[in-house]
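Read top to bottom, the protein sequences are chains A, B, C and D.
Last residue of the first sequence? That's 351 in the working numbering, and every number before it is there in order.
Last residue of the second sequence? That's 351 in the working numbering, and every number before it is there in order.
Last residue of the third sequence? That's 351 in the working numbering, and every number before it is there in order.
Last residue of the fourth sequence? That's 351 in the working numbering, and every number before it is there in order.
It is possible that some hints are incorrect.
Identical copies go unnamed one by one, so any copy, or any two together, can satisfy a pair.
Think about it this way: if two alpha-carbon atoms lie no more than 25 Å apart in a straight line, the pair counts; the simulated DSS-like pairs of lysine-lysine are [unchecked claim]:
#1 28 x 259
#2 227 x 71
#3 227 x 93
#4 170 x 123
#5 113 x 306
#6 111 x 227
No lab work stands behind these hints, which were simulated from the structure alone.
Only a predicted model underlies this, so the values are computations on that prediction, with no experimental measurement involved.
4 protein chains.
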Amino acid sequence: MIKAGIIGATGYAGEQLAWFLYKHPNVNVDFYASHNYAGMTYNDIYNNFNTYINDICIDMETAISKLSNINVLFIALPHGKSFKITEKALSLGVKVIDLGADFRLKSKEEYEQWYNVKHESIDLLSSAVYGLTELNREAIRGCNLLSNPGCYPTATILALTPLLKNNIIDIQSIIVDAKSGVSGAGRSANIGSLFTECNESIKAYAVASHRHTPEIEQELSKSSNGNDIKICFTPHLVPMNRGILSTCYASLTKECTAEELITLYRDFYNDNFFIKILDGLPETRWVKGSNLCHIGIKVDKRTNRVIVLSAIDNLIKGAAGQAVQNMNIMFGLDETAGLEIIAMAP
Amino acid sequence: MIKAGIIGATGYAGEQLAWFLYKHPNVNVDFYASHNYAGMTYNDIYNNFNTYINDICIDMETAISKLSNINVLFIALPHGKSFKITEKALSLGVKVIDLGADFRLKSKEEYEQWYNVKHESIDLLSSAVYGLTELNREAIRGCNLLSNPGCYPTATILALTPLLKNNIIDIQSIIVDAKSGVSGAGRSANIGSLFTECNESIKAYAVASHRHTPEIEQELSKSSNGNDIKICFTPHLVPMNRGILSTCYASLTKECTAEELITLYRDFYNDNFFIKILDGLPETRWVKGSNLCHIGIKVDKRTNRVIVLSAIDNLIKGAAGQAVQNMNIMFGLDETAGLEIIAMAP
Amino acid sequence: MIKAGIIGATGYAGEQLAWFLYKHPNVNVDFYASHNYAGMTYNDIYNNFNTYINDICIDMETAISKLSNINVLFIALPHGKSFKITEKALSLGVKVIDLGADFRLKSKEEYEQWYNVKHESIDLLSSAVYGLTELNREAIRGCNLLSNPGCYPTATILALTPLLKNNIIDIQSIIVDAKSGVSGAGRSANIGSLFTECNESIKAYAVASHRHTPEIEQELSKSSNGNDIKICFTPHLVPMNRGILSTCYASLTKECTAEELITLYRDFYNDNFFIKILDGLPETRWVKGSNLCHIGIKVDKRTNRVIVLSAIDNLIKGAAGQAVQNMNIMFGLDETAGLEIIAMAP
Amino acid sequence: MIKAGIIGATGYAGEQLAWFLYKHPNVNVDFYASHNYAGMTYNDIYNNFNTYINDICIDMETAISKLSNINVLFIALPHGKSFKITEKALSLGVKVIDLGADFRLKSKEEYEQWYNVKHESIDLLSSAVYGLTELNREAIRGCNLLSNPGCYPTATILALTPLLKNNIIDIQSIIVDAKSGVSGAGRSANIGSLFTECNESIKAYAVASHRHTPEIEQELSKSSNGNDIKICFTPHLVPMNRGILSTCYASLTKECTAEELITLYRDFYNDNFFIKILDGLPETRWVKGSNLCHIGIKVDKRTNRVIVLSAIDNLIKGAAGQAVQNMNIMFGLDETAGLEIIAMAP
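From just these sequences and the hints, can you work out the full model?
Here's what the structure looks like:
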């Protein structure tokens with residue numbers, strides 16, 4: 006059995022991770038660490054685990070003292086908080102899967118500019134592997150430091166990569182209009198996340214300034230023959246718990262039908278269990294609770310544009326599920342182990 | 006492998022059944038029958054099953070012709086529609102699990118009075134076993150016709166039975182104020198079930214006249230030394246997809262503390278995996294997506310009443326999950342097979 | 006024009022008050038005071054007032070210095086915070102309408118027991134008038150200190166008073182199962198009020214211990230020939246922004262039909278513009294955004310109980326609307342002035 | 006007093022119209038006509054009008070017979086149904102305000118292509134005035150046949166017109182990603198509009214094929230010096246009752262800052278009461294229940310694009326409210342008469 010520890014276990018991504026690891030056939034969780042809830046029993050915070058997870062949450066110090074007991078450390082902390090613990094864990098031979106943003110951008114400068122904190126582990130940037138599983142599986146297999154993608158980047162990169170790889174869109178024309186459920190804002194007590202402030206409304210936020218922008222651009226550029234991709238990215242907040250829908254627009258550089266593009270996408274993602282190319286349009290409800298990404302493709306002949314829509318569960322394929330998927334690969338397990346769950350409707 | 010058929014596979018209970026049976030380690034589904042969607046591919050109706058369930062829905066006639074292929078038939082039809090198919094299946098040696106109301110009431114007269122249709126299979130009433138698993142496990146083991154409980158009755162009977170068995174409440178004082186998510190209304194195109202008609206509102210309905218009343222009373226009476234229990238039952242519609250919360254009130258005939266009652270309930274439900282007696286209060290979100298029933302107990306000393314609150318997922322423990330639980334018992338499997346799922350939060 | 010001040014103007018009740026007073030034909034608001042937002046422009050906090058209310062919120066100290074400019078002070082503060090400012094305002098001849106709980110209970114002891122703070126203005130308790138308008142209109146007319154009812158008490162007292170006045174229920178049998186939207190929890194940044202924690206779930210809270218219990222009992226007792234009414238009260242949290250539905254149960258001491266009771270209620274509330282006795286059942290959506298109370302009545306012959314259901318908008322008839330209604334009476338205006346708004350559907 | 010009739014009075018737009026006209030100081034409603042509910046009392050369908058609107062809905066035939074009693078006819082029917090009644094009303098000297106699509110497109114061919122029905126009143130197309138009030142006020146003043154804009158077009162045209170009039174965007178670069186609440190789907194009993202099918206999900210629909218596309222293009226072209234504007238338009242369904250957010254993208258042809266554009270927009274919409282140019286970003290909740298349009302503007306310097314976001318209440322500024330605004334102008338009333346309502350929060 007793989008022994009795992011979770012840092013930041015009481016946020017929503019951490020809780021979703023606990024959910025998957027609890028049932029994972031090859032993993033035992035050694036500890037649940039939490040800044041705010043150290044000393045509390047896990048299932049008193051999340052009653053869905055009543056009688057299942059009775060562990061007492063530990064604090065960061067205690068977690069550090071237990072690193073030598075584990076094989077893999079999952080970190081689900083706000084940005085700027087993962088540097089020390091990551092270095093410590095790696096030095097003890099513990100593999101690290103970081104669900105936060107600290108090792109996603111290869112450029113220290115970009116990180117510091119967009120996140121507004123100093124990067125304290127520059128040496129690790131080159132060895133950190135960006136864990137968008139379907140696009141990076143070989144590098145993931147051997148890595149010790151896995152940087153798990155953000156939720157918007159996961160949906161968006163999966164939607165756009167086949168177009169860029171096939172060189173059929175104007176790379177300056179990409180617009181991404183994304184919509185997320187409220188769990189994306191985390192479990193902090195902010196007035197803006199209150200039920201009464203989010204319910205019955207939709208808004209855009211962080212227009213032209215969201216931190217996932219450089220992450221998306223970095224990965225899309227890799228798929229574009231060395232081109233430096235810049236996108237226009239607008240995230241929106243939707244009154245639902247979970248789900249991301251990424252509506253991606255680009256101008257076609259050659260004539261294609263939607264049917265041809267669907268075939269192209271099916272070929273591209275052929276062997277990937279968690280990617281489903283639809284004949285129709287995705288809806289977040291059909292992937293909610295699963296590690297799946299549903300992708301739909303339409304062509305607007307009148308304006309010669311392609312519209313690719315991708316739907317994921319932001320806490321699963323956009324966070325904890327993909328982290329487990331990556332762990333499976335890093336430890337030589339079946340990629341789908343512990344992740345074979347289908348969305349429940351309604 | 007057990008071979009199963011589902012009649013009414015495209016309603017919400019049927020779909021939830023398909024969900025559990027798809028992953029069940031001991032079951033293969035032989036057919037999905039649907040009145041409205043015969044001829045359509047299952048995953049075109051429910052896109053969560055995309056690439057998983059590609060079967061074409063069949064009609065009732067075809068389903069009847071396939072009865073000899075299967076070991077168990079699940080029926081999820083509106084009341085009054087199960088008589089013929091049940092008789093036919095039983096005559097072929099197929100075990101039947103009926104999720105509808107047709108075999109729940111032992112009295113033909115009560116059935117006809119509350120449901121306003123003629124009962125056409127009176128002979129089967131005595132052999133049908135009421136499948137509230139935790140209270141009826143032995144009878145379920147050997148039965149051929151299992152009548153699966155309604156959603157409100159499941160939550161309510163589990164909440165009240167320990168009090169009645171222990172003879173500590175005034176049996177004329179029982180009031181049940183229950184709240185359900187909208188999936189309880191089914192997947193019919195009614196104006197009253199539109200998003201815009203249900204959202205941002207709560208209402209009671211069928212006050213003092215809901216059809217689940219005699220079912221609850223029949224089963225509570227069994228636990229009350231031959232007393233004829235009558236309850237006052239008020240269902241409410243809540244703007245959420247899933248979940249039932251049953252708030253049950255009764256006057257105590259002896260002094261007890263909440264702590265004593267919690268102990269009494271834990272003793273009563275001791276060996277039952279799916280029943281969790283909480284120290285605090287249940288919330289439907291902690292059981293959503295699971296086959297669990299969470300129960301909380303409070304005493305109002307000022308008015309000498311006990312308030313028992315139970316929460317279930319109406320489509321799982323209140324329908325498809327309990328049906329699978331009963332199937333497991335009927336076929337000698339582990340009672341929890343295929344049902345080990347924990348609610349996802351948020 | 007009446008000059009008004011609002012203390013606690015940036016909570017939900019305060020904001021709703023600002024909404025009504027902005028349009029009120031006889032009122033000008035002199036200041037908006039806020040503990041947390043002093044110094045901020047009102048419409049930066051609530052963008053619905055963009056270009057309408059550009060006032061800068063002031064702090065409590067400044068508010069006190071402006072008391073002599075105004076005729077009426079509305080206070081919407083947490084309990085225990087209204088004592089000093091109320092005394093000060095009254096001493097300056099300013100009428101006070103307190104939306105909080107500090108002057109609702111006539112008994113200092115009850116107040117201190119249920120609210121767990123010392124009452125610091127005992128002398129005002131006898132002169133404070135409980136502002137459930139329809140039941141107390143004459144006393145309201147001449148009063149200087151108006152204690153505006155709680156939201157649950159408004160719905161519940163309106164539902165039960167006709168039964169008690171007519172002496173047709175067993176006064177020991179009253180059970181109140183109430184359901185509220187999330188705005189009842191206020192605009193504080195609590196984790197329990199997050200969208201992701203409230204959405205898709207229902208729960209009871211403060212079972213047998215909610216602070217509105219003694220308030221309801223005090224007022225019901227007044228309508229019951231000197232009987233000391235005790236009720237069993239269970240509030241629930243419902244995933245919607247606004248609305249309270251109070252489902253009230255009592256045993257009938259004489260035989261009545263629902264039709265007879267509907268007539269009795271219509272006679273009782275005959276001249277009251279804001280109370281509507283329905284033929285059917287109330288739903289909170291039909292009163293949302295209005296100062297109305299919809300009441301429906303059913304009789305459960307099988308158990309000889311009456312079920313009365315009342316629906317209000319918790320922020321309007323349950324707070325700011327009723328406060329304005331009371332102000333109208335205190336200042337000799339038409340009771341409905343500024344309050345003639347109908348719920349919008351959907 | 007203006008005498009009005011409403012055809013299609015029991016759909017959501019019709020009901021919102023009834024709401025505004027009931028309180029309008031200069032209007033009496035002579036009849037409410039409904040295809041599905043003829044013979045029913047209006048407030049039995051919409052209980053918010055309990056004791057307010059007790060009229061019995063009439064059928065189309067009866068409505069026609071009453072045309073000579075009225076001054077203005079509001080029509081809120083599905084497309085293809087307004088031709089006959091419009092001709093009849095106009096011939097009797099009744100002004101017509103059509104909330105449907107039948108007279109919006111100037112080109113018979115475009116209408117027939119996008120709506121797939123034959124246009125039966127071609128002669129009226131030239132005299133019908135497109136009622137986007139802020140852009141067309143003079144023509145509205147004298148017209149007899151007012152074609153009220155669609156909901157998406159209202160939000161989108163208001164957002165984009167100042168850019169086109171000022172000639173500062175690449176007209177081939179326009180992408181409109183719009184999001185609507187479920188009331189936009191109307192009050193028909195479709196499975197796709199059920200609570201359980203819409204809640205907790207977001208989806209796009211009618212990608213590159215929505216019928217509002219040519220309407221938006223027609224009006225934008227008018228503001229673009231005779232250019233033939235083509236847009237890429239993607240509507241989305243959001244789990245909320247009301248509201249449209251239109252996120253509009255275009256490439257700038259000259260360098261501008263957001264601040265400069267905000268000034269430009271404020272100058273452009275200077276005298277228009279219902280248009281508010283924000284410093285920040287709009288949210289649908291701040292306009293819900295009002296006739297306002299909130300507009301926010303951002304510039305993405307990295308990709309040289311402008312993002313304009315507009316929020317309206319789809320049933321008000323996007324339907325009934327704008328219809329009343331237009332009626333006010335057509336009858337020489339104050340444009341804001343009966344429309345001075347502010348959004349309620351929360």
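Hint check results:
no.	hint	result
1	28 x 259	neither (47 Å within a copy, 44 Å between copies)
2	227 x 71	neither (38 Å within a copy, 54 Å between copies)
3	227 x 93	neither (30 Å within a copy, 63 Å between copies)
4	170 x 123	neither (34 Å within a copy, 45 Å between copies)
5	113 x 306	between (41 Å within a copy, 22 Å between copies)
6	111 x 227	within (12 Å within a copy, 48 Å between copies)
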